[in-house]
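Participant: One line per chain: the protein sequences are A and B, in this order. Each residue of the first sequence is one higher than the last, beginning at 1 in this note's numbering. Each residue of the second sequence is one higher than the last, beginning at 1 in this note's numbering.
Derived from the structure by calculation, the hints contain no laboratory data. We put the beta carbon where it would ideally sit given N, CA and C, even for glycine. Mixed in with the good hints there might be a few duds.
[Stated by the list, open to error] The calculated SDA-like cross-link candidates involving lysine to any residue, where the alpha carbons are at most 20 Å apart (straight line), are:
no., chain 1, residue 1, chain 2, residue 2
1, B, K97, A, V11
2, B, K81, A, K125
3, A, K9, B, K98
4, A, K125, B, P73
5, B, K2, A, L7
6, B, K2, A, Q95
7, B, K98, A, P113
8, A, K125, B, K74
9, B, K76, A, L102
10, B, K2, A, N93
11, A, K9, B, K81
12, B, K2, A, L58
13, A, K9, B, K2
14, B, K76, A, N93
15, B, K74, A, C124
16, B, K81, A, V114
17, B, K76, A, Q30
18, A, K9, B, N83
19, B, K76, A, K29
20, A, K125, B, K57
21, B, K57, A, L102
22, B, K81, A, C124
[What the hints assert, rightly or not] Which chain A residues stay away from chain B? Per the calculated CB distances, all over 12 Å, these:
no., residue
23, A67
24, A108
25, E130
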Amino acid sequence: MPRRKRLRKVVAPPGFKGYKPYGNSKHKKQFVELLYEEYEAIKLADYDLLNHLEASKLMGVSRPTFARIYESARRKLARALVETREIRSIFGNAQLDGTWYLCGDCHARFTIPVHMTDHVCPICKSLEIENIKTK
Amino acid sequence: MKTVITSKGNNQKSLFDLRFGRAGWFCLIDNETGATSFIENDQAEATGGAGTKAAEKMVELGVQKVISGDFGPKAKDLLEKFNIQMVIIDDDNQTIKKIISRLNN
């Protein structure tokens, strides 16, 4: 039995469900599945311009594993472009990083679930809150 | 909306409990009516899985906000999954009454 895959930390899921090519003559139903962690790898390495070691630490995996995820991501994107395939984002082995906030007035730490729209401190209703990262 | 504060005892004069899974009591507050009730935590002395059980209880009670001193990794994951807001305050030696009054200000 292979060793289980460790969950990869993903700070924010991709803001899309997929990408579709247009202007191509033959419509193909085939698509490539871009995993959340592969999206995150592309984002960290090519958008945030981190080196692989820093990026791997953020995702909670080893540097070689990060390189494998990144390589797989690049190959999928290349395949989608060359073969004019649709890209779909799939959850994969991701663990979404919960975001914590700190109140500047009463020093309470708290999370804001997705359904809440008002970004205020739940204790003192202060607007002086800032985003912090905890493990 | 319901809020839970972890407490060491079963009345408003009791101290705030910094632990979540192994807190002595849970103080349940109904934000609309302001009514409070205390629920004993039967997992306080458990050897394992207290955080998970406590988080499940929060879901069962339909709580939307939990105030405690710290949350273990399993409790954190569960509460996050059910969109329950977690609030961490560090200062102990605070009574439940004081925290409630801070909430209402």
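Participant: Take the hints in turn and mark each one as holding or not.
Facilitator: Cross-check of the supplied hints:
1. B/K97 with A/V11: violated, 37 Å
2. B/K81 with A/K125: Not OK: B/K81 and A/K125 at ~24 Å, beyond 20 Å, violated.
3. A/K9 with B/K98: violated, 38 Å
4. A/K125 with B/P73: violated, 27 Å
5. B/K2 with A/L7: Given that 20 Å is the threshold and the Cα spacing comes to 32 Å, the pair is violated.
6. B/K2 with A/Q95: violated, 28 Å
7. B/K98 with A/P113: violated, 25 Å
8. A/K125 with B/K74: violated, 28 Å
9. B/K76 with A/L102: holds, 17 Å
10. B/K2 with A/N93: Measuring from Cα to Cα gives roughly 33 Å; hence the hint is violated.
11. A/K9 with B/K81: holds, 15 Å
12. B/K2 with A/L58: Since the Cα atoms of B/K2 and A/L58 sit roughly 35 Å apart, the hinted pair is violated (cutoff 20 Å).
13. A/K9 with B/K2: Roughly 31 Å between the alpha carbons, so the hint for A/K9 and B/K2 is violated.
14. B/K76 with A/N93: Holds. B/K76 to A/N93 sits at ~19 Å (cutoff 20 Å).
15. B/K74 with A/C124: With a Cα-Cα distance of about 27 Å, the restraint between B/K74 and A/C124 is violated, given a limit of 20 Å.
16. B/K81 with A/V114: holds, 10 Å
17. B/K76 with A/Q30: violated, 38 Å
18. A/K9 with B/N83: Roughly 19 Å separates the two Cα atoms, so the pair holds.
19. B/K76 with A/K29: violated, 40 Å
20. A/K125 with B/K57: violated, 27 Å
21. B/K57 with A/L102: Given that 20 Å is the threshold and the Cα spacing comes to 26 Å, the pair is violated.
22. B/K81 with A/C124: violated, 25 Å
23. A67: A/A67 is indeed farther than 12 Å from all Cβ atoms of chain B, at 27 Å.
24. A108: Given that some Cβ of chain B is not farther than 12 Å from that of A/A108, nearest at about 5 Å, it is violated.
25. E130: Holds: least Cβ distance 15 Å, greater than 12 Å.
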